[in-house]
Structures are given as structure tokens and as C-alpha cells.
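Start from the sequences, fold in the hints, and give me the full structure.
Going down the list, the protein sequences come from chains W and B. Residues 85 to 196 in my numbering are what the first sequence spells out, letter by letter. Residues 34 to 149 in my numbering are what the second sequence spells out, letter by letter.
Because the hints were derived from the structure by calculation, they are not lab data. All residues carry an ideal CB built from backbone N, CA and C; glycine is no exception. Keep in mind that the hints are not guaranteed to be accurate.
[Said to hold, decoys possible] If you only want the chain W side, here are some residues facing chain B, beta carbon under 10 Å, derived:
1) Cys96
2) Thr110
3) Ser112
4) Tyr116
5) Gln122
6) Gly127
7) Pro128
8) Gln129
9) Arg175
10) Phe186
11) Gly187
[What the hints assert, rightly or not] Mimicking DSSO-like on lysine-lysine, the simulated pairs with C-alpha atoms at most 27 Å apart in a straight line are:
12) W:Lys183 with B:Lys99
13) W:Lys193 with B:Lys97
14) W:Lys183 with B:Lys97
15) B:Lys97 with W:Lys87
Each chain, written out:
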Amino acid sequence: DAKTTQPPSMDCAEGRAANLPCNHSTISGNEYVYWYRQIHSQGPQYIIHGLKNNETNEMASLIITEDRKSSTLILPHATLRDTAVYYCIVRFLTSGTYKYIFGTGTRLKVLA
Amino acid sequence: GAVVSQHPSWVICKSGTSVKIECRSLDFQATTMFWYRQFPKQSLMLMATSNEGSKATYEQGVEKDKFLINHASLTLSTLTVTSAHPEDSSFYICSARGPGQGREQYFGPGTRLTVT
Numbered sequence: 085d086a087k088t089t090q091p092p093s094m095d096c097a098e099g100r101a102a103n104l105p106c107n108h109s110t111i112s113g114n115e116y117v118y119w120y121r122q123i124h125s126q127g128p129q130y131i132i133h134g135l136k137n138n139e140t141n142e143m144a145s146l147i148i149t150e151d152r153k154s155s156t157l158i159l160p161h162a163t164l165r166d167t168a169v170y171y172c173i174v175r176f177l178t179s180g181t182y183k184y185i186f187g188t189g190t191r192l193k194v195l196a
Numbered sequence: 034g035a036v037v038s039q040h041p042s043w044v045i046c047k048s049g050t051s052v053k054i055e056c057r058s059l060d061f062q063a064t065t066m067f068w069y070r071q072f073p074k075q076s077l078m079l080m081a082t083s084n085e086g087s088k089a090t091y092e093q094g095v096e097k098d099k100f101l102i103n104h105a106s107l108t109l110s111t112l113t114v115t116s117a118h119p120e121d122s123s124f125y126i127c128s129a130r131g132p133g134q135g136r137e138q139y140f141g142p143g144t145r146l147t148v149t
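So this is what it looks like as C-alpha cells:
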């Protein structure tokens, strides 16, 4: 089972900030949170990851709560090209290897 | 950096034939690669973990004799779908674990397989 929970869909007006929440209440102390997005019929695109501190890059910002049980991905100025399914992932250790278990993600639709 | 390619991007084959899909890390070495399958309107499902120089590890319910994985070098993993059937038609995506501290995975563009 996926270790994260996300709302199934969200709408956002073009030019506004898109805030995508994720719950990962079972995360362990040394696990990173990863965010990816998938545009139709393409492979997932890496966006950002974080451990404890908030992170920012050219694509997005990641806000992680102090207890690390949830996080929010922020797209500061959403464009139509940001319409995609966004996945929040916590790695899963099994057989000595860290793996991703994908949940259902959030389908973000940016509206003109 | 951290680019992963797949070839072919799409393939159509007849039932009973085998199809090989290649996954390459173009600008970094990847000791571990992963293979996923995605059906329409569904999420990605992990099929197997491919480790360079050793046997792949398959997820529960994935037939190892049907989905042959070879990871012969630090930049190439292949998935061969043997004796393909229409129900194997799907979007196959590989990823490679990157060199960064966060060990994030980088995904290929995917291969759409249609079995007729």
C-alpha cells in the first residue's frame, strides 16, 4: 500500500499558486519525501524532494511540517502546462532496496 | 543532468511474440533501475528492481519468466516481455536511481506496448 494520501483532484486558476497537500503520517525519521508529476502519456518528472527543511527550486517549493507527517507542494504561479497528476512519494524499504510505491496522486487542472 | 531514455517509445507486436524494451541512463551510472507498468487511468505499479550484475527482484504477482530483466551494465537495463498477449498491452516505464544525496529516481519517457 502507498504510504501517502493525497486528494484525488484539484483545480487552480492560471497565475495563482497551486498548493498540493500530502499526508505521510507513517514516515520514519530518515525518510525523504519526493514529489513527481506525470503529464499524460509521459514518464513521471521529478520535481523536488525534502527531508526536514523546506526546499525550493526553479519548479516548486516544498513545505514539510515540523512533525514530518504532512507536506505541501507549492507551484507559485501555475500555468496551463502544469496540468498533470502530481504524486507524493515516501520510499519503501524492502529486501534491502528503497522503492517507490505510487499512490493515486492528485490530478491538478489549471484553468485559464 | 540525470536523463533516462527508453527505446522504443511505442511498439506493436503480435500475440505470442517477444518484445524487448531498453532503458538507459544517459549521463550517470545507475546500479539500480526499476520497471513499472501503468494501465490507462491508473497509477504506476512497480514490477521489478533491476540490479547491475545480479538477478532482478520481482514484486509479488509479477511473473519472472514472462518479464525477463537484464541489467548488464551500469547504464542499461532491458525488459523482455515473452510470449506477449493482449492483456500485456500497457505503458511500461523504467527509472534509475540517481547519484544525488536524496537518491531520487529519474524516469524514462515510457514505452507503449500494444499486443494484437
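Hint check:
1. At a threshold of 10 Å, the smallest CB-CB gap from W:Cys96 to chain B is about 21 Å, leaving the interface hint violated.
2. Because the closest C-beta pair between W:Thr110 and chain B is about 18 Å apart, greater than 10 Å, the hint is violated.
3. Hint status for W:Ser112 relative to chain B: violated, with the closest Cβ pair at about 15 Å, above 10 Å.
4. With a least beta-carbon distance of about 5 Å to chain B, the hint placing W:Tyr116 at the interface is held under the 10 Å criterion.
5. With a cut of 10 Å, the hint placing W:Gln122 at the interface with chain B holds, because the nearest CB-to-CB distance is about 8 Å.
6. Taken as an interface hint, W:Gly127 checks out: its beta carbon lies about 4 Å from the nearest beta carbon of chain B, inside 10 Å.
7. Interface hint status for W:Pro128: upheld, as the beta-carbon distance to the closest one in chain B is roughly 5 Å, under 10 Å.
8. With its C-beta approaching chain B no nearer than about 7 Å, W:Gln129 sits inside the 10 Å limit, and its interface hint holds.
9. Hint on W:Arg175 holds. Least Cβ distance to chain B is approximately 8 Å, under the 10 Å limit.
10. With a least beta-carbon distance of about 4 Å to chain B, the hint placing W:Phe186 at the interface is held under the 10 Å criterion.
11. Nearest Cβ of chain B to the Cβ of W:Gly187: about 7 Å, under the 10 Å cut. The hint holds.
12. Distance hint between W:Lys183 and B:Lys99 is fulfilled; the C-alpha atoms sit about 22 Å from each other, no more than 27 Å.
13. Taking the CA atoms of W:Lys193 and B:Lys97, the gap is near 38 Å; set against the 27 Å cutoff, the hint is violated.
14. Simply put, W:Lys183 and B:Lys97 have alpha-carbon atoms about 18 Å apart, close enough for the 27 Å limit, and the pair holds.
15. For the hint linking B:Lys97 to W:Lys87, the alpha-carbon distance of about 26 Å falls within 27 Å, and the restraint holds.
In this structure, the earlier hints numbered 1, 2, 3 and 13 are contradicted, and the remaining ones agree with it.
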